[in-house]
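Build the complex from these two chains, which are given one at a time in their own frames, with help from the hints.
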Amino acid sequence: MPEQLVFAMEVFLNGLMAGVLYALVALGFVLIYKASGIFNYAQGVMALFAAMTLVGIQKGQVPFAHLINALFGADLHYFGWSVNSVVAICFTVVVMIGLAWMVQRFVFRHLVGQEPIILFMATIGLAYFLEGVADLMWGSEIKTLNVCLAGELCLPQGINTWIDETTFNIFDYGFFIDNLDITATIVAILLVAALIAFSQYTKQGRAMRAVADDHQAALSVGVSLNFIWVLVWSVAGFVALVAGIMWGAKSGVQFSLSLIALKALPVLMLGGFTSIPGAIVGGLIIGVGEKLFEFAIGPMIGGATENWFAYVLALIFLVFRPQGLFGEKIIERV
Amino acid sequence: MLDQSDGYVTEDGRKIGSVVMEMKNITLRFGGVEAIKNISFDIREGEIRAIIGPNGAGKSSMLNVISGFYVPQDGEVWYRGERRAPMRPYEVARQGIARTFQNIALFEGMSVLDNVMTGRLTKMKSGLFGQAIWKGKAEAEEVANREVAEKIIDFLEIQSIRKTPVARLPYGLKKRVELARALASQPKILLLDEPMAGMNVEEKEDMSRFILDVNDEFGTTIALIEHDMGVVMDLSDRVVVMDYGKKIGDGTPDEVRANQDVIDAYLGVSHD
Ligand SMILES: Nc1ncnc2c1ncn2[C@@H]1O[C@H](COP(=O)(O)OP(=O)(O)OP(=O)(O)O)[C@@H](O)[C@H]1O
Ligand SMILES: [Mg+2]
Chain A
1 MPEQLVFAME VFLNGLMAGV LYALVALGFV LIYKASGIFN YAQGVMALFA
51 AMTLVGIQKG QVPFAHLINA LFGADLHYFG WSVNSVVAIC FTVVVMIGLA
101 WMVQRFVFRH LVGQEPIILF MATIGLAYFL EGVADLMWGS EIKTLNVCLA
151 GELCLPQGIN TWIDETTFNI FDYGFFIDNL DITATIVAIL LVAALIAFSQ
201 YTKQGRAMRA VADDHQAALS VGVSLNFIWV LVWSVAGFVA LVAGIMWGAK
251 SGVQFSLSLI ALKALPVLML GGFTSIPGAI VGGLIIGVGE KLFEFAIGPM
301 IGGATENWFA YVLALIFLVF RPQGLFGEKI IERV
Chain B
1 MLDQSDGYVT EDGRKIGSVV MEMKNITLRF GGVEAIKNIS FDIREGEIRA
51 IIGPNGAGKS SMLNVISGFY VPQDGEVWYR GERRAPMRPY EVARQGIART
101 FQNIALFEGM SVLDNVMTGR LTKMKSGLFG QAIWKGKAEA EEVANREVAE
151 KIIDFLEIQS IRKTPVARLP YGLKKRVELA RALASQPKIL LLDEPMAGMN
201 VEEKEDMSRF ILDVNDEFGT TIALIEHDMG VVMDLSDRVV VMDYGKKIGD
251 GTPDEVRANQ DVIDAYLGVS HD
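First to last, the sequence lines map onto chains A and B. If you read the first sequence in the UniProt record's numbering, its first letter stands for residue 1, the second for the next number, and so on. If you read the second sequence in the UniProt record's numbering, its first letter stands for residue 1, the second for the next number, and so on.
Derived by calculation from the structure, the hints in this document are not laboratory data. Mixed in with the good hints, there may be bad ones.
Claimed, not checked - From chain B, some residues computed to sit far from chain A (all C-beta separations above 10 Å):
hint, residue
1, Y8
2, R83
3, M117
4, R146
5, D216
6, Q260
Unchecked claim - No more than 16 Å apart at the CA atoms, straight line, and that leaves these computed lysine to aspartate or glutamate pairs for EDC-like:
hint, chain 1, residue 1, chain 2, residue 2
7, B, K246, B, D74
8, B, K174, A, D214
9, A, K34, B, E108
10, B, K246, B, E34
11, B, K188, B, D216
12, B, K174, B, E147
From the three backbone atoms N, C-alpha and C, an ideal C-beta is built for every residue, glycine too.
Chain B extracted, bound-state conformation (with noise of 0.2 Å):
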């Protein structure tokens, strides 16, 4: 296993800092289910993480402790080096971590621009009567905005489509809207549920080539649940691979391709 604790350079010439996050011993319940048991993990800065497993396998819960729309019941949460005080979803945002659902959350009333917009929110300074007063110094501010929000949907190839009310588009649209919304907010973590679930053999290499884009670009670091395999080994720099609620293996891609357990898991051998 890697252990450079201030760093390293990529293959192909990325450079990966020192843990931004860990997680230490996180344990979830719901009622009787144990969807999380006992697991640690770490995030690098400017790192691609995976995190694989089958179905049920607790891979979205992970993501939404992260993100704090669970609370574990057990565990910590450590983020740029101090332990983190349990969190409101609102409040991780705030802290500059960005998120993506599995099932798509985008705000279907509105076009595509809004929706990047909203991701721009936790940046806007005015308050409310800032706003009636400093008309001047609103206007700039949300100028400022729209220009960060119009860069991304450059980015993201979707400006044919800016005004368009998301309703309206298909779903592998939809995906990369929300993945413009959490760029907006200028995250210094990304989590990326399932990205390409659902999608064509085309749109997951855009989306893949779009995802290592931002990780290069704006040096984001990203933290990914996905189950297409040849994807994740391709992008990843590390993996961790869960099942049922467990972590079985932590690596390199080629490291977790080649331990036992997760054969196993991926192979349906049965657990007793």
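Just chain A, same shape as in the assembly (with noise of 0.2 Å):
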């Protein structure tokens, strides 16, 4: 095989890998823009803030402790205690549900009817509310996370050496895949199987699918909106903290993680904001796409082509078919 076609194939499948974590995050745009017609621009710095409150947690940091000890003159930092990564996993998903609860309860319940522009800019505040709260709960340095599951059982690092051996065995050229990128997208095929399971098959995943088709309809048949809002919010939050715990595993927990937010907005112009198996095949076109053309085009250029890759798919996407790949037909009706 030639060995151009090798290491293309490595890169396709880095190139997967990486699509992964974006259809992650896109995945919690969709979820909210379904039921709820908002587009969430703060779903990343929501994947920030799960990620750094799972760190705080683990480590027994005390909240808010720069404005404790600014206000109080004390000196507190840590507890003194470190949690183990499961329980504070479940504390974390207790912070994201009051969280999506508050969201509703303080900023969308008074917006009800209100144009959509209105709504997304909501949502912007509510991104540098939120990336301040942050700040301000957890302090601002880059944190390490890492996840262990039981005693040994921990998310793993490095490349994976069996993929590498075995390539290397066929091609005579070692794959270098990453344990983690393996772990996080088996860990992503299990949320959505998951998410599906859910929407398909219990009495709120139902009256989820209600809300997101008619919202009139839905309140005929006894569906709060208000609760599937809540909920929404909070599987979202859910779908952020999986997000927030693979970036950061990957690249530290820091502020930059939420601009990762601004690459979902490609991915789903491609998926469609209306489709969850959208968001996933969005996001692999979107990772494939720009590592291979980086690999195959990028030394030509001047390299960088990561940062507008992405971008320039969807502008010629939306040309073509602006509704994305599996997002509902536009029909203008006269």
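Quick look at the structure:
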């Protein structure tokens, strides 16, 4: 097999796995957008907030320590204990549900029936507010994140030696694939399967689909919109936590994490704002596309194409299929 | 006018019970527009109650007040002998009051069966964690709900389109699916906003038959809005007539037909 093709295969696989992470963020967007028509700009910040909260709880950090110290002249930083990952994840989930409830109660409940652009602006406000809260609560330094389910069973780091050796035996060239990326892919698949099962087979899932389809009709069959919106923000918060763990474990928990939300935008343009399969396929296409483009064309035009490739691809897509790959057809009523 | 406070038996042998819902001095305004002006009327258990009137009379508004979609500025709603506090539509639905809409509100992205199954949501008990833990119980519940849905689908003769996405159905069938979804909750009171609008003669006959059968077989109390006078006169036990937000007549079809105000309203006598 020609050498270039083997390289391309490795790039392709790595792109696929980068795409999984994009898809995870896009998934959170789609959930909220479908159920409430809100384009949640804060989804990326939610991932950051969730990851910071998780690390903070794990390390026994005192929340709002800086604020407390400044106000009372205390010198608090850590409680002096560390919390098991599983327990910390459970607490973080509770925090994300609380956040969902507050967002609905104090922001969107007062904006029912407003123009989409106003709802969007509210989520921009929410993003900056949440970023500020995250900073105030847990501090702004970069944190390393590691999650261990039990004892030695931790999120794996480093490259996968089995793949490296196997591909070396076949192609005479070993592929470098991150163990963490493989784990993220498996977790993402499990998460999507759980979400599908939830929406297809539970009462709340059915109600969620009903609200996503038609608010009036949902009300008439006894569904509380408010409850469903809190539920959807909670689920999106959980998805954000998973995305935050994976990104955080990969590149550290830092504020640039919230910028991955911007990468989700081209993913959504490609996949359609209302489609869960679209978010996944869109994420994979962007992931693979930008890695392959950088590999094949990048050297000719001076590299760093990953910064803009996704947006250009989305733009080209918008021209030919504005509703995205899987989005509902836009039919002009005349 | 009829006045049997504990109910009576109709000519065709159906039992009509006592008052189950009562509207007292309802007034509803939209900005400067008074859509409903101080209207009172009641609905008896087991009867078919029609609301008629020219376009813009306030009929849909009245149905929306009953189902909680609109909150009146004035007046009281009494349900089963108790005054009802202002309620959200989903709370009204959970009290056993189901409805259809003048402009059809179906879940377009779902199949007919899934639409009808959403009508069972108020009857599903297992909570989120219950469903995860008591898998067997949740499954038994699902089967039971499914059975009710299938029965209603058979009843309304839409078996052949069970799996069809609703978006693909013609208008007349959509109306029927919407009725099926409302029936799936096994409501005490069924509110129908122009169930036969836009249908051809044959479809209207089918729909009339279904409405009578529902009332007869399940004993469901029905309040319906309809423009076709022939249909109204055939179906209903009592009729409320509205015009410009006011009640101008209330009684049996024969009484209403003989009412001079009603005749004037329908013949378009000027209002001054
Ligand atoms: N949501 C609303 N906002 C403002 N005005 C409304 C609203 N709903 C109804 N109206 C007004 O209330 C009045 C009564 O309307 P309604 O829909 O109840 O009439 P209707 O008797 O059902 O008429 P139709 O036979 O055409 O369905 C109309 O003047 C209408 O414009
Ligand atoms: Mg109407």
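Hint check:
| no. | hint | in the structure |
| --- | --- | --- |
| 1 | Y8 | holds (32 Å) |
| 2 | R83 | holds (21 Å) |
| 3 | M117 | violated (7 Å) |
| 4 | R146 | holds (12 Å) |
| 5 | D216 | holds (24 Å) |
| 6 | Q260 | holds (37 Å) |
| 7 | K246/B x D74/B | holds (14 Å) |
| 8 | K174/B x D214/A | holds (15 Å) |
| 9 | K34/A x E108/B | holds (14 Å) |
| 10 | K246/B x E34/B | holds (10 Å) |
| 11 | K188/B x D216/B | holds (13 Å) |
| 12 | K174/B x E147/B | violated (21 Å) |
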